[in-house]
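Using the hints provided, position chain B relative to the given structure of chain A.
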Amino acid sequence: DAGVTQSPTHLIKTRGQQVTLRCSPKSGHDTVSWYQQALGQGPQFIFQYYEEEERQRGNFPDRFSGHQFPNYSSELNVNALLLGDSALYLCASHTLRQGPPYEQYFGPGTRLTVT
Amino acid sequence: KQEVTQIPAALSVPEGENLVLNCSFTDSAIYNLQWFRQDPGKGLTSLLLIQSSQREQTSGRLNASLDKSSGRSTLYIAASQPGDSATYLCARDNYGQNFVFGPGTRLSVLP
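Chains as they are written, first to last, in the numbering used here: chain A, 1 to 115; chain B, 1001 to 1111.
The hints are simulated quantities; they were obtained by calculation from the structure and are not laboratory data. Do not rely on the hints blindly, as some may be mistaken.
What the hints assert, rightly or not - Covered by chain A, per the in silico footprint, the following chain B stretches (three or more residues, Cβ under 8 Å):
id: 1; segment: 1029–1037
id: 2; segment: 1062–1076
Stated by the list, open to error - Reference excerpt, derived from the structure (chain A facing chain B, CB under 7 Å, subset only):
id: 3; residue: Ser33
id: 4; residue: Ala38
id: 5; residue: Gly42
id: 6; residue: Pro43
id: 7; residue: Phe45
id: 8; residue: Gln48
id: 9; residue: Gln56
id: 10; residue: Pro61
id: 11; residue: Leu90
id: 12; residue: Glu103
id: 13; residue: Gly107
id: 14; residue: Gly109
Note that beta-carbon positions come from the ideal geometry of N, C-alpha and C, so glycine has one too.
If we strip away everything but chain A, and leave its shape as in the complex, we get (with noise of 0.2 Å):
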């Protein structure tokens, strides 16, 4: 049973590029979250997709913009990159038909360097 997958690994941007991350879900999960984790911090929650929606957001600008396909898998873009959105980007899924708890699973994570 493959877990919560992200490609790539690591990647290196210079400032005002922009960048796509993916993930895809743990098998039988729907619902997937992007958090952004800076160096010696805790996650910061970015937004959620659930059916192809953006159903919650976190305190993150419009440059940071994503998307679920139909096969639960999603992308996220971030636009004019800067300096400061340096960090791990963790994605987690977890299923909603089944109700709470919702416990999630996260992936391995996608290492950006904004130079």
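Then chain B, alone, in the frame of chain A:
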């Protein structure tokens, strides 16, 4: 605003010691509290999930308790081993959906 704090920020202990990590949160209206382990530069591994109707959960040498009335959770690690060295994060759910994380406790277990 929901907040989660963790103390201590860092902890270094000799192998074999029992230890307690603390997590405090605001707003007792939670569904779940989950403890995670994170190795350097890696993703999160779920250790224990405590539902709001539960008081504690146990897995091997780990025991987590939840006191909603005081807004506290503790993670107890028995007979610590060098392989336990990692950052431990607690997270409370946000109305059963996404999680609000604490900053973590960085644990070093010395052989």
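Structure-based check of all given hints:
no., hint, result
1, 1029–1037, "holds (count 4)"
2, 1062–1076, "violated (count 0)"
3, Ser33, "holds (5 Å)"
4, Ala38, "violated (10 Å)"
5, Gly42, "holds (3 Å)"
6, Pro43, "holds (5 Å)"
7, Phe45, "holds (4 Å)"
8, Gln48, "holds (6 Å)"
9, Gln56, "holds (6 Å)"
10, Pro61, "violated (18 Å)"
11, Leu90, "holds (6 Å)"
12, Glu103, "holds (5 Å)"
13, Gly107, "holds (5 Å)"
14, Gly109, "holds (5 Å)"
The structure is inconsistent with the numbered hints 2, 4, 10, although it conforms to all the rest.
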